[in-house]
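Dock chain to chain to rebuild the complex, using the hints, since each chain is given by itself in its own frame.
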Amino acid sequence: MKIAVVVAFALWIAASPAAAQVGIGGQTAVHFLKSAPTSSPLSVNNGRPSFGWQLYFFLDGRVTEHVTAMSNISVTDNEYLNFDLVAIRLTNLTPLGLNVEAGKVDVPFGNLGERRFPRRNPLFGLPLMYEYRTALPDHLTTEAEVLANQGQGRGMRLLDLGLYDLGGVLFGSWGIVDYAVAVTNGTISTTSYSGEVSNSDVAKVIRLAVTPMTGLTIGAAYTWGAYLEEPTSPPPGTVNVNSYKQKAVEIDVEFSRGHAVLYGQAVYNIWPVPFDTGNENLNVLGYYLEGKFTVIPRLYLALRFSGLQFGHATLGNSTGPWDYDVTEWEGGAGYFAERDVLIKLVRRETRIHGGSWPKDNLTVLQLTVAY
Amino acid sequence: MTKTTWKIAGWLLPAIVLVGSPPASAQPGQSATQGKGVAFSEIRGKITITRKEESHDMHMMDPLLGRYSTQGRSEGTASASPTAMPPPRLSDKAVVYLESDELNQRSYPVPDKNPALDQENLQFHPQVLPILVGTTVDFPNRDNLFHNVFSYSQAKEFDLGRYPRNDSRSVTFDKPGLVRVYCDIHSHMNATIIVLSHPYFATLNDDGTYAIPRVPEGKYRVVFWYDRDVLERRTVEVRAGESTVVDFTY
Numbered sequence: 001m002k003i004a005v006v007v008a009f010a011l012w013i014a015a016s017p018a019a020a021q022v023g024i025g026g027q028t029a030v031h032f033l034k035s036a037p038t039s040s041p042l043s044v045n046n047g048r049p050s051f052g053w054q055l056y057f058f059l060d061g062r063v064t065e066h067v068t069a070m071s072n073i074s075v076t077d078n079e080y081l082n083f084d085l086v087a088i089r090l091t092n093l094t095p096l097g098l099n100v101e102a103g104k105v106d107v108p109f110g111n112l113g114e115r116r117f118p119r120r121n122p123l124f125g126l127p128l129m130y131e132y133r134t135a136l137p138d139h140l141t142t143e144a145e146v147l148a149n150q151g152q153g154r155g156m157r158l159l160d161l162g163l164y165d166l167g168g169v170l171f172g173s174w175g176i177v178d179y180a181v182a183v184t185n186g187t188i189s190t191t192s193y194s195g196e197v198s199n200s201d202v203a204k205v206i207r208l209a210v211t212p213m214t215g216l217t218i219g220a221a222y223t224w225g226a227y228l229e230e231p232t233s234p235p236p237g238t239v240n241v242n243s244y245k246q247k248a249v250e251i252d253v254e255f256s257r258g259h260a261v262l263y264g265q266a267v268y269n270i271w272p273v274p275f276d277t278g279n280e281n282l283n284v285l286g287y288y289l290e291g292k293f294t295v296i297p298r299l300y301l302a303l304r305f306s307g308l309q310f311g312h313a314t315l316g317n318s319t320g321p322w323d324y325d326v327t328e329w330e331g332g333a334g335y336f337a338e339r340d341v342l343i344k345l346v347r348r349e350t351r352i353h354g355g356s357w358p359k360d361n362l363t364v365l366q367l368t369v370a371y
Numbered sequence: 001m002t003k004t005t006w007k008i009a010g011w012l013l014p015a016i017v018l019v020g021s022p023p024a025s026a027q028p029g030q031s032a033t034q035g036k037g038v039a040f041s042e043i044r045g046k047i048t049i050t051r052k053e054e055s056h057d058m059h060m061m062d063p064l065l066g067r068y069s070t071q072g073r074s075e076g077t078a079s080a081s082p083t084a085m086p087p088p089r090l091s092d093k094a095v096v097y098l099e100s101d102e103l104n105q106r107s108y109p110v111p112d113k114n115p116a117l118d119q120e121n122l123q124f125h126p127q128v129l130p131i132l133v134g135t136t137v138d139f140p141n142r143d144n145l146f147h148n149v150f151s152y153s154q155a156k157e158f159d160l161g162r163y164p165r166n167d168s169r170s171v172t173f174d175k176p177g178l179v180r181v182y183c184d185i186h187s188h189m190n191a192t193i194i195v196l197s198h199p200y201f202a203t204l205n206d207d208g209t210y211a212i213p214r215v216p217e218g219k220y221r222v223v224f225w226y227d228r229d230v231l232e233r234r235t236v237e238v239r240a241g242e243s244t245v246v247d248f249t250y
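Chains as they are written, first to last, in my numbering: chain A, 1 to 371; chain B, 1 to 250.
Worth flagging that the hints you see were computed from the coordinates, not collected in a lab. Just to be clear, a hint being listed does not mean it is correct.
Just the calculated beta-carbon pair ranges, DEER-fashion [what the hints assert, rightly or not]:
| # | chain 1 | residue 1 | chain 2 | residue 2 | range |
| --- | --- | --- | --- | --- | --- |
| 1 | B | T203 | A | L170 | 38 to 48 Å |
| 2 | B | P109 | A | L170 | 56 to 66 Å |
| 3 | A | L170 | B | P111 | 48 to 58 Å |
| 4 | A | Q309 | B | D138 | 42 to 52 Å |
Partial selection, computed: residues in chain B whose CB lies under 8 Å from chain A [as the list claims (entries may be wrong)]:
| # | residue |
| --- | --- |
| 5 | Y68 |
| 6 | F150 |
| 7 | D159 |
Using N, Cα and C, we set each Cβ at its ideal position, and we do this for glycine too.
Just chain B, with the same shape it has in the complex (with noise of 0.2 Å):
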C-alpha cells in the first residue's frame, strides 16, 4: 500500500466508522450533528399513558400459581405468590424504535456488555427488550427459586433449563424478529425481545421521556411498542440540525 492510499484509507475510516456508528456511542445533548457528509439528528419524545390497565389484574393472577403450596415448596407451588409482585414501571413495558429498511441494510458493531434480562419477584425486567441483531442477552436469575426461561419463536429457539439465584445463562440472536420469552414453572411471566437489524431504539426514562440519538437524515416510521405489541407508527423526516419530537399518548 502506497503513503496515498494509507492517507486516503485514513480520511475514509472515521467516515465509515461514523456513518455507521451506533447511536448508543452519540453522547447526550449532541442532538443535532453534522459531519463528514452525513448529518445526524435526534428523535426525541415522551410516553403518556392514560389508560387504566385493565387487563393488569387478569394477568398478573395466575389461578394454579400457589395452588398447592400447602404441599410444600415445589418450584410450581412455591410461596410465590402474586400479591407480593410490584407493578411493572413504564420503563420496563414501553420501546420505541424505528423501521427503516436503509437502516437494516447497514450493518452496526454489537454492544460490548450484554444487556440482560433479569428473573426477579417472578417477572421479567424489562418485559420488553430491544436488542440490535448478533447481540447476547443475559438472563440472571435474582429470585430465590428456579425458574426456567425458554422460547419457541421462530427468530430463537431456546430453553436454560433450571438454574439457581444468581447464576445465570446466555443467548445470542442472530436473526431479526420478535422473540416471546416465558417461564416454564411460572405461566404468567413473558417478555419480548425485539431484535433489531439496526441499534436505533431507545428505552424509557422513569417519566417516560426517550431520545434516538445520531439518527441519519431521512424519512422513518417511529414505532412505539407497549407490553406485548406495537400500538402507533408514525412517519417523520428527520433533519440535520432540528430534533424531531413525536410524542405517543396511549
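Next comes chain A alone, as it looks inside the complex (with noise of 0.2 Å):
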C-alpha cells in the first residue's frame, strides 16, 4: 500500500503541469558495520560483521508561494518505508507574516536538523539521547519492570530518533530570535508515527533560538504531556494517564567558524510515574558535544560525547539511579571522493555504568550518495 502511494505521487509529480516546483531529493547510505560480540541491545547481528542500507526520498511541491507540501520518506534495511514528514507548510499568509505547518511535522525541540540524515550527519549514530532505550516502557509499569529492564533496550528513548509526530507547529522570527510552537499527538519520547493517540492529552512544545551573530545559535525549548498509553489492563479509569505529563527542558548551541563546527545539546527530563506503590518521579539527564573540524578539502575529523545520566528513585527495597548511566564516545574521519559521495569511518566506544554489558563497541564503515 505504501509503495502505491509512492508510486502515485511519483506519477503525479511527473504527469502534473500543475506542480509548478517540484524539488526531489534522496540520500542512499550502504555500510558495513562490525559491534562487540555481546547480547547488550546495542550489539548488531551479535556482533557478527554485516552489511545494512538506508534510503530518504524527499519530495517537495511548491503550490503557490505561500503553500508548500513536503514529505521524507525513509527505508532502511529492515525494509520498513517509513513516512517519517508528510506536512503542509503555509508561509507568510497573514500581515503578520505567521508560519504554520501541520501534519506529521518535525518536532521543534533542539537543534539534529538535517544531521539526521547520512550525508549531514559526520559520524554514523545519533546522540544517546536520541537512540537508546531507557527502562521505562510508555505504559503503566511497576517498580519490578522497571528494574528489571535496567540496560535491557526495552523502554522509551528520551528523544524518540527522528522526532517526527503528528500536529502543528506556528513558527516565525523575530529580528535574530527565532520562534516555535508545536501541539503533538505524542510526546517527544513516545512520538505517534501511525496516527494513532494512546491517551488523550497532547503534547506542547515552545522553542526560542537566538541567533547573535552569524555562526552561533543558541536555543531552547520546553515541552509537556502525557505520555502513557491508556492502560487495557487494568480498566480504563484506575489511573488517569493524563493527568501524567512528561516535561523536558532542553538547551542547543550551534557555532561554527572557518573549518569548525561544534554542536551541543542538554535535555533534561522527568517522567511522573504512577506505581502500584506509588508515584515517582524518574527524571534523566541527556547532553552531548559535537565536533567536526575539516583537516583539508575533501577530509574531516569528528567527534561526539554524549551520555545519559539517570536520576535516583526508590525501587523496590533500594534508593539509586533508576537505570544504568551510558556514556559513549564516537569519533571517526569522513572523506569526499567526490562532492555528494562520503565514506565515512567510524568507531564507537559506549559505556553501561551497570549491568551485564558494561563495554559495547562498534566500528562501521559507511558510504553515502545524496542526490
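Laid out in C-alpha cells, this is it:
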C-alpha cells in the first residue's frame, strides 16, 4: 500500500503541469559494520560483521508562493517504508507573517536538523538521547519491571529518533530570534507514527532560538504532555494517565567558524510514574557535544561525546539511579570522494555503568550518496 | 649593452608587448587594428536564448533547504528560502571564449584587479566565470549567513570554510581547466570557473552582446558556454580589418 502511494505520488509529479515547482532529492547509504559480540541491545547481529543500508527520499511540491507540501520517506535495511514527514507548510499568509506547518511535522525540540541524515551526520549514529532506550516503558508499569529493564533496551528513548510527530507548528522570526510553538499527538519520547493516539492529551512544545552573530545559534525549548498509554488492564479509569505529564527542558548550541563546526545539546526530563506502590518522578539528563573539523579539502574529522545520567529513585527496596548511566564516544573521519559521495569510517565506544554488558563498541564503514 | 642593442630592444619590446598584450587592454571601438606586423581584429556577436529554462525551477528548489527552519536559524536551515532567489541573469550564466593551441602557448600578464565570485541571495554571481590561468579570484560573502565555498575539481581543490558577511577569501587558479564551485551548506549553489590559458574570452552585456577585442589573425574555435556546459563550438577565421560576427541562439 505504501509503495503504491509513493508510485502514485511520483506519477502525479511527473504528469501534473500544476506542480509548478517540485523538489526531489534523496540519500542512499550503505555500510559495513561490526559491533562487540555481546548480547547487549546495542550489539548488531550479535557482533557478526554485516552489511546494511538506508534510503531517504525528499519530495516537495510548491503549490503557490505561500504553500508547500513536504514529505520525507525513509527505508532502512529492515525494509519498512516510513513516511517520516508529511506536512503542509503555509508561509507569510497573514499580515503578521506567521508560518504554519501541519501534518506529520518535525518537532521543534533541539537542533538535530539535517544531521539526522547520513550526508550531514558527520558520524554514523545519533547522540545517545536520540537512540538509547531507557528502562521505562510507555505504559503503566511496576517497579520490578523497570528494574528488570535496566540496560535491556526495552523502554522509551528520551528523544524518539527523528522526532517527527503528528500535529501542527507555528513558527517565525523576530529579528535575531526564531520561535516555534507546536502541539503534537505524542510527546518527545512517544511520537505517534501511525496516527493512533494512546491517550487524550496532546504534547505542547515551545522553542526559542537566538542568533546573536552569524555562526552562533543558541536555542532552548520546553515541552510537556501525557506520555502513558491508556491501559487496557487494569481497566481504564483506574489511573488517569492524562494527568501524568512528561516535562522536559533543553538547551542547544550551534557554533561554526572557518573549518570547524560545533553542536551541543542538554535535555533534562521528568517522567512522573504511577507505580502501584505510589508515584515516583523518574528523571534523566541527556547531553552531547559534537565537533567536526575539515582538515584539508575533502577530509574531515569528527568526534562526539554523549551521555545519559539517570536520577535517583526508590525502586523496590533500594534507592539509586533508576537506570544505568551510559556514556558514549563516537569518532571518525569522512572523505568526500566527490561532492555528494561521502565515505565515513567511524568507531563508537559505549560504556553502560552497570549491568551485564558494561562495554560495547561498533566499527563501521559507510558510503553515502546524496542526489 | 651597446647603444645599438638598446635601440633594437627599444623597438622589439613594444612589439612583444603588443603581441602578448591581453585583449582587455584594447579600447572599445578598436575593433580592427593593425600594428607592428601583427594584425588584430575583434570577434563580437549576440547570444539569444529562446528556450524556456525547464530545469530552472527544479534546480532552484532544494528539498532540504529550509525544511528544518522551525528549529531556528542554524546554517543549514537558515530562514533562507528558495522562493526569495531572483532568477539569474543571462550575463551571469553565459560566456564566450576562444579555443586555440597557438593562443595557449603564449604567456599573458594576469589582471591587476581580482575578479570576484560573489555569494549573494543564496547564489553565486556570476555562475560562470572565465579567467586567465594564474588569476586570483575573490569570494566575498554578501549574505547575512555563512557559506562554505569549496571545489574538488582536478584543476583546483580548495575549501574556504565559513566566514561572515562582507568577509572574503581568495584563491589563485594556477592550472587551466574547469573548476566546479559549490557551497557545502546550501547544496543548490553552484558555479563554474573556466580557467583558460589565454585571455581571449568575454562575458555578456545585459542585452546579450559580447566582444572579444584584439584577437590576432588566425583560425579559432569560438565556444559558447551556457550554465554548466559548452553548448556550441564554431570555427571562424579572423582577418585583419574585419570584425568577425558570431551569434549564438539557444
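How the hints compare with the structure:
1. B/T203 - A/L170: 38 to 48 Å: 46 Å, holds
2. B/P109 - A/L170: 56 to 66 Å: 59 Å, holds
3. A/L170 - B/P111: 48 to 58 Å: Since the Cβ atoms of A/L170 and B/P111 sit about 52 Å apart, the hinted range of 48 to 58 Å holds.
4. A/Q309 - B/D138: 42 to 52 Å: 49 Å, holds
5. Y68: Cβ of B/Y68 sits 4 Å from chain A, so the hint holds.
6. F150: 6 Å, holds
7. D159: 4 Å, holds
Of the numbered hints given earlier, the model fails none.
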